[in-house]
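Protein sequence lines correspond, in order, to chains A and B.
Start counting at 1 in the first sequence, then tack on 117, and there's your number in my numbering.
Start counting at 1 in the second sequence, then tack on 35, and there's your number in my numbering.
No lab work stands behind these hints: they were computed from the structure.
Keep in mind the model is a prediction, meaning the values are calculated, not measured.
Careful, some of the hints might be misleading.
Which residues of chain B face chain A? A partial, calculated answer using Cβ under 8 Å [unchecked claim]:
| hint | residue |
| --- | --- |
| 1 | Glu-51 |
| 2 | Pro-103 |
| 3 | Gln-166 |
Backbone N, C-alpha and C define an ideal beta-carbon position, used for all residues, glycine too.
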Amino acid sequence: MANGISPYQVAGPTTRLIQQSKIKESKEKQADVATKKQMGEMEEEFYADMEKLGIKASDAAGKYDEQDSYLSILGLLGNPLLSGILGAFTSGRKTKQKRKAMKGLLDIDERYGKTFLRGDYRDYLSEARSMQVDEGDIFKNALTGGFSSAMLSKMLGSSRPEGGILRKTAQKFQDVGGEGKWGGLFKGVGKTLNPFEQEGLFQPNRKINIPEAPMIGPQTRGVQFTDRLRGLWGGSKNLLEPLTTGVSQFGQQGFNQGGKGGQMMESLMPLLMLLQMLEGE
Amino acid sequence: MFQQSILESLQSIFGEMGWSQLTSLTPESIASGFAEHYGLNEQDLPPGMFQSISPEMLQAGSYKTYSPQLQAKGQSLLSGLYGGLGGKEATKAAGGFAGGSGFGRQQSGVKDVYGKEMAGAIGDVGQQYSQGLGLVSDLVNQWHEQAQRISIGQG
């Protein structure tokens with residue numbers, strides 16, 4: 118050009134501006150794709166974490182299921198006291214395990230709560246919190262499980278001379294065995310139940326070798342007994358206070374009315390001790 | 036002015052910085068700065084998400100990039116202006132008398148032509164400069180938008 122400035126020099130900035138516009142468009146697209154990819158990955162990771170925690174909790178909650186089933190069956194065939202203890206133990210342990218497992222559900226990474234996943238994160242946490250098991254439930258369920266197992270065992274005849282449903286059923290099956298259409302089947306069932314009968318599992322008040330609780334004895338009868346029972350649960354949860362008071366009062370009345378309740382309390386003491394052990398497990 | 040507003044939008048994240056320092060922002064530093072600003076975990080804003088500003092792009096947003104254009108145009112117009120004000124046309128219009136009304140109209144017309152063309156040239160350069168700044172501004176806005184999408188899920 119006449120003024121000494123090259124036309125390329127003049128047109129250069131415009132050309133570069135057009136180039137940079139195209140580059141910027143490309144960069145924007147790349148950034149957009151990268152952001153969407155990142156959001157997708159975070160979502161995947163979040164749901165995978167939730168699933169993992171759910172599976173872990175479910176596995177942990179059912180850790181003793183098989184063992185507990187055998188223990189429950191064993192308990193039902195024996196003395197009501199054994200039944201009660203095993204029932205309490207399995208129910209208490211199950212609830213404790215569930216509590217531990219459900220606690221694990223809360224271990225979700227809190228960083229999700231700061232991202233676009235916060236809605237799902239809060240829903241999950243709220244659900245997980247609602248599934249938490251109260252510590253008092255361990256003892257409540259253990260007691261309930263213990264009592265119901267003892268009752269069921271009693272119903273099945275473990276404490277009556279003539280035997281209960283199980284013994285009678287075994288006998289009946291053996292009696293009708295060989296007759297009629299169902300004879301073979303009945304005989305088979307009768308045979309299956311027979312060894313239990315021979316082993317004396319249906320005998321009333323079968324002795325079970327359980328170490329005697331240290332506070333059981335004459336000195337526990339009377340006013341001291343209530344105090345000792347309270348002491349046994351000293352420092353436990355509020356839930357247990359009315360429960361133990363109720364049990365103590367029941368036992369107290371029993372002593373006053375001829376000792377029958379006292380015998381029951383003696384039976385209950387190992388159960389209560391077992392529950393205390395569960396607390397410290 | 037526009038440059039200043041871009042820098043101000045980054046000030047709360049990276050502190051005081053000059054225009055030329057924009058190219059020193061790497062994807063890593065952008066990711067880290069925006070994660071902190073939006074209260075996110077660095078893991079959630081990987082550097083790969085961010086596009087940095089290249090020196091060429093920054094140059095497109097500098098006024099001095101376009102000054103040769105303006106200078107060239109100005110010089111070209113200036114020679115025309117000189118010719119118009121003192122050349123044959125001016126002599127003819129003056130009719131031998133520089134103080135005549137014909138001469139005055141001619142001189143004014145020449146100046147108008149020069150002024151309009153120069154204004155047009157300045158406008159063109161200004162437009163390009165503004166587009167160049169827009170490139171930088173768009174990228175910076177996109178950084179904010181990306182972090183916001185991860186943080187609150189917009190877009």
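Hints violated by the structure (listed by number, smallest first): Number 1 - this is the single hint that the structure violates.
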